[in-house]
Amino acid sequence: MPKADFHLLSSGDIAQRDFYLCRLCEKIYRLGHRIYILCKDSKELEHLDDLLYSFRPESFIPHSIEPESPSSDTPVFLCTRLPETISTEVVINLTEAPPDKADRVIELVTGDPDARAKSRKVYKLYKQLGFELQTYNIESA
0 MPKADFHLLS SGDIAQRDFY LCRLCEKIYR LGHRIYILCK DSKELEHLDD LLYSFRPESF
60 IPHSIEPESP SSDTPVFLCT RLPETISTEV VINLTEAPPD KADRVIELVT GDPDARAKSR
120 KVYKLYKQLG FELQTYNIES A
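Under numbering that gives the first Met the number 0, the first residue of the sequence shown is numbered 0, with each subsequent residue one higher.
Since the hints were derived computationally from the structure, they do not count as laboratory data.
Heads up, none of these hints are tricks.
Simulated DEER-style distance windows between Cβ atoms:
id	residue 1	residue 2	range
1	ARG22	GLU65	20 to 28 angstroms
2	ASP72	SER41	20 to 28 angstroms
3	SER53	GLN127	37 to 45 angstroms
4	GLU45	GLU83	16 to 24 angstroms
5	SER58	GLU88	17 to 25 angstroms
6	ASP111	LYS2	22 to 30 angstroms
7	LEU50	LEU132	22 to 30 angstroms
8	ARG80	MET0	18 to 26 angstroms
9	PHE18	ARG115	18 to 26 angstroms
Note that the Cβ used here is the ideal one computed from N, Cα and C, for glycine as well.
Using the sequences and the hints, build the whole thing.
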């Protein structure tokens, strides 16, 4: 059964969300999993590409971005749509709709009231699609 985790961040700040995303990627990467970060547009993709290199001076998360094809040795791939043939372990979804194919999805929801309202709708969609759902309250990113 596919699984969707909703990380409910206390802050409504997108910069805090992005910093949390980098820390989460670092943790998942160190556990040996592949990650696809599904971005809403190319501007967000480029911003996160830069941030994954610089969010902490001592940190480096190897990653690639579209239009490159994800290679088997790159643990993190940033994209605006999932490649046709993927072996996803984890998709961090930054768009407003569930991805077409994924076994494990992480949704990052800021404390902004509009973001929370949108996430409730997405939560219902995942439920209709048969995902096992879990929520986590994150006090500070």
